[in-house]
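Here's the letter readout for the chains.
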Amino acid sequence: MAESRSDVDPRLLEILVCPLTKSRLRYDREAQELVSEEAGLAYPIRDGIPIMLVDEARPLDPDAAAKRGQEALERGA
Amino acid sequence: MAAHDTSGEADFGFRRVPTEQKAKLVRGVFDRVASRYDLMNDLMSGGIHRLWKAELIDWVDPRPGQLLLDVAGGTGDISRRFLERAPQARAIVCDINQAMMNEGRDRAIDDGVLEGITWVCGDAEKLPVERSTVDTYTIAFGLRNVTRIDAALAEARRVLKPGGRFFCLEFSQVVQPQIRRIYDLYSFNVLPRLGQIVAGDRDAYQYLVESIRRFPPQEELCRRMEAAGFDLVKHRNLSGGIAAIHSGWRL
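Listed in order, the protein sequences are those of chains A and B. Heads up: the first sequence is residues 1 to 77, going by the working numbering. Heads up: the second sequence is residues 1001 to 1251, going by the working numbering.
Pairs of lysine-lysine, DSS-like flavour, derived with a Cα cap of 30 Å:
{"#": "1", "chain 1": "B", "residue 1": "1126", "chain 2": "B", "residue 2": "1234"}
{"#": "2", "chain 1": "B", "residue 1": "1126", "chain 2": "B", "residue 2": "1024"}
{"#": "3", "chain 1": "A", "residue 1": "22", "chain 2": "B", "residue 2": "1161"}
{"#": "4", "chain 1": "B", "residue 1": "1234", "chain 2": "B", "residue 2": "1053"}
{"#": "5", "chain 1": "B", "residue 1": "1024", "chain 2": "A", "residue 2": "22"}
{"#": "6", "chain 1": "B", "residue 1": "1161", "chain 2": "B", "residue 2": "1053"}
{"#": "7", "chain 1": "A", "residue 1": "22", "chain 2": "B", "residue 2": "1126"}
{"#": "8", "chain 1": "B", "residue 1": "1022", "chain 2": "B", "residue 2": "1126"}
{"#": "9", "chain 1": "B", "residue 1": "1161", "chain 2": "B", "residue 2": "1234"}
{"#": "10", "chain 1": "B", "residue 1": "1161", "chain 2": "B", "residue 2": "1126"}
{"#": "11", "chain 1": "B", "residue 1": "1022", "chain 2": "A", "residue 2": "22"}
{"#": "12", "chain 1": "B", "residue 1": "1234", "chain 2": "B", "residue 2": "1022"}
What the hints contain is simulated information worked out from the structure, not anything from laboratory work.
Input sequences plus hints: build the corresponding full structure.
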């Protein structure tokens, strides 16, 4: 199945770090992303290849901001 | 010295481009020629790049259990040669260009090479690798495409284990004036045309030729490796200096 083929080698994951902060990454299998909390970036995994480039990463901030916005709305309601 | 300047510009072949643009431009070049890159190298060097790579692997001397980081590894031919010599070793191909790696991975799968080799997209100047984890670092025909060579050297040293070793195989400065004249003629007139015919992209190969001339000559690269903290730095010329291998230890 395509999914198992595209899984990242666990031994590779052990030594991968965020290219920006050199901090450890959280593997989000569902989203196929490697998350750097410190940098606030999620690096995509495409076809089983982690794309560890800052300009290809998804900033976590807009999400966090949206979430905070939502919470504020809920508190207001 | 042009390579050290702080003007915020970098060499892209003979053009000067803003530093932050070089990586993208280089990536564009390799995106365009990915599927024919290895074939093109054969034509460009008359197959000699294979001998140079064999020479590199001889010097690297792969051992079982080692971990190789093959930076700018593209289609993975250095990693595969490494693993052929030491089937119990592991190799990580790291390249800024995913198209090249997809090509390489498909080819590896076709050839039944499934074990020991993994692929990650990353920048030589900002390696996504934990410090002190790799035994051998190679960069073959890659360092001249890097925007900030000194940053890449520092990153190489960071990821190497103490006792680990750095190798760079790159086009270099031809030492003999006679060979040099012929080589100039060939590379500026014949190569871009070959690029046009075989890869359908003259500009990409024009860039390759120009970038070779911009790369620091043997002794300068040695000095910059030492400045990055490498010990026992040396180099070997290949084919009269058309290419050279540089080696340094992280002690």
